[in-house]
Amino acid sequence: MKRLPITCFGLVFWAAALRAQTADRVTIAQAVQEAVDHNLNLLAERYNLSIAEARIVTAKLRPNPVLSAGLDYIDFLNRFNGDNQGGPTEYNVRTDFVLERGGKRERRVEVAQTAREVAQLQLLNTTRTLALDVENAFIDVLQAKDNLALARENLQAFRSLVDVSATRVRAGDLAKVELVRTQVAALQFQSAVRQAEAKLRIASNKLQGLMGRKVPSPTFEALGELRRDSEPVVMETVATAALDLRPDLAALRKDQARSLAEIRSQEALGKVDFTVGTEYHRQFHNGNASALGLFFSSPLPVFNKNQGEIERAKQEQQQILARIRASEADVQNEVRNAWLQYATSRELLETIEHDLLDQAREVRTTMEYSYRRGEASLVEFLDAQRAFNDARQSYNDARADFARSLYTLDSIAGKGVGR
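Residue numbers (our numbering): -12 to 406.
Keep in mind that the hints were calculated from the coordinates and are not lab data. Cβ coordinates follow ideal geometry from the N, Cα and C atoms, glycine included. It is possible that some hints are incorrect.
What the hints assert, rightly or not - FRET-style restraints, in silico, Cβ to Cβ:
{"#": "1", "residue 1": "Thr331", "residue 2": "Ser178", "range": "27 to 37 Å"}
{"#": "2", "residue 1": "Leu308", "residue 2": "Met222", "range": "24 to 34 Å"}
{"#": "3", "residue 1": "Val171", "residue 2": "Arg359", "range": "11 to 21 Å"}
{"#": "4", "residue 1": "Glu349", "residue 2": "Asn324", "range": "34 to 44 Å"}
{"#": "5", "residue 1": "Arg92", "residue 2": "Pro286", "range": "11 to 21 Å"}
{"#": "6", "residue 1": "Thr331", "residue 2": "Arg92", "range": "54 to 64 Å"}
{"#": "7", "residue 1": "Phe84", "residue 2": "Leu36", "range": "28 to 38 Å"}
Taking the hints into account, I'd like the entire structure generated from these sequences.
Here it is in C-alpha cells:
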C-alpha cells in the first residue's frame, strides 16, 4: 500500500510520455489539421472575420439624437434688483432627430455583410495555400528520410567493405593503400550521412513551424508514404474545378457583389436626410410662460449630391471585373503549368523505375561482388556506387516531385479548402 502513490505517479508519467510520443508521430492529414488550428499567420487572418462582424454592428446603428439645453437673457449686472433690462430670463431644452432617407442603413448593412463574406473566402484561400505549404513541407521531410536511409545504407555497405579490405590486407591479398582508399570513401559516406541528418532536421523544423509549433520537437516523426495516385489526371477537369471551387476567385466574385452594394449605398448617401426637432421653452415673465416648439430642417442638394463617391464606386466595380478576368486567366495558366509538371514528373518516375534503377542496382551489385573477389578495382566499384547513388537520388526526387504535383493540382482545383 505504501508503494501505490509511486506506482500511480509512474503510470501517469508513462501515459504523459506516451501521449507526447504519439503527438510527435503525425500523418500528412494530421499535420494539415494542426496547421489549420494553430498556424500563427492563419490565426491572425481569422481576426479579419471579427473585424467584419464589428463593421456589421456599426452599419446597423442609427444616428444618435442631439440634446441641446440653453439659458438666456440673464441680467448678471443688475441681478440685485428686480429689473432686468435685457429681457425676461428664459431657458429651453431641445432634441433633434435625423431621419435617414434612401435606405442608407439597409445599404450599409448590405455592404458590411458582403464584406464579411469576402473575408470568409479570403480566409479559405489562405487556408488552401497553407495546406499546400504543409503538404510540400511534409514531402520534404519524407524525401529527407529516404535520402538519409540511402546514405546510411551506403555507409553500412562501405563499412563492410572496409572489413573485407582489412582482412585481405592481413592475408596479403590486397595492398594497404587500397584499404586506405576504402576507409577514405567510408569517411565520405559518413559525411553524407551527417549532411542528410541535418537536412532532415531542417525540414522537420520547417514543417513544425508551419504547424504552429513554437518549439520544434526533436522526436518529431512524419508517418506515411509519398503520394502515388494511379488514376491519370485530366487537365480539363482540373480547370473546370478551379474556376468553380477556388476561394480566391469566389472572393473576387463576392467582392464584385460588394461593389454593387457599395454603389447602391453611395447613391443612398446622395439622398438628403431630414432633421426634426422639438423644443420646450420657458420664460420667467408674465406668469412664467411655457411654450413647445417643432422644427424641421433639410439640406438643399444644390452642389453636393455625392457624385464623386458614386462615380468612384462605379469605377471600383469595373476594376473588380477586370481583376476577375485577369485572375481567371492566371488560374488557367496555373492549371496548364501544374499539369505539365505532373505529366513530366510522372513520365520521369516511370522511366527511372523501369529503365534506370534496376540496371544501376545490378551494376553496383556486380561490381561489389567483383571487388570482393579481387576482380575489380576500388575505382571501378566507386564509379558503380556513385551511379547507383545518382539513380536512387533521382528516384527519390522523382517520387517527391510527383507527389508535389498531385497536391499542387488539388490545391489549384480548390479541393479540400473546406477543411
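Evaluation of the provided hints:
1. At roughly 32 Å, the beta-carbon separation of Thr331 and Ser178 lies within the given 27 to 37 Å, and the hint holds.
2. Evaluation of the 24 to 34 Å hint for Leu308 and Met222 yields a pass: the beta carbon distance comes to about 27 Å.
3. For Val171 and Arg359, the hinted distance range of 11 to 21 Å is satisfied, since their beta carbons lie about 18 Å from each other.
4. Between Glu349 and Asn324, the C-beta spacing of about 37 Å keeps the proposed range 34 to 44 Å intact.
5. Checked against the hint of 11 to 21 Å, the pair Arg92 and Pro286 passes, with Cβ atoms roughly 18 Å apart.
6. The beta-carbon spacing between Thr331 and Arg92, approximately 57 Å, falls within the hinted interval of 54 to 64 Å.
7. The hinted window of 28 to 38 Å between Phe84 and Leu36 holds, with their beta carbons roughly 34 Å apart.
In this structure, every one of the numbered hints holds.
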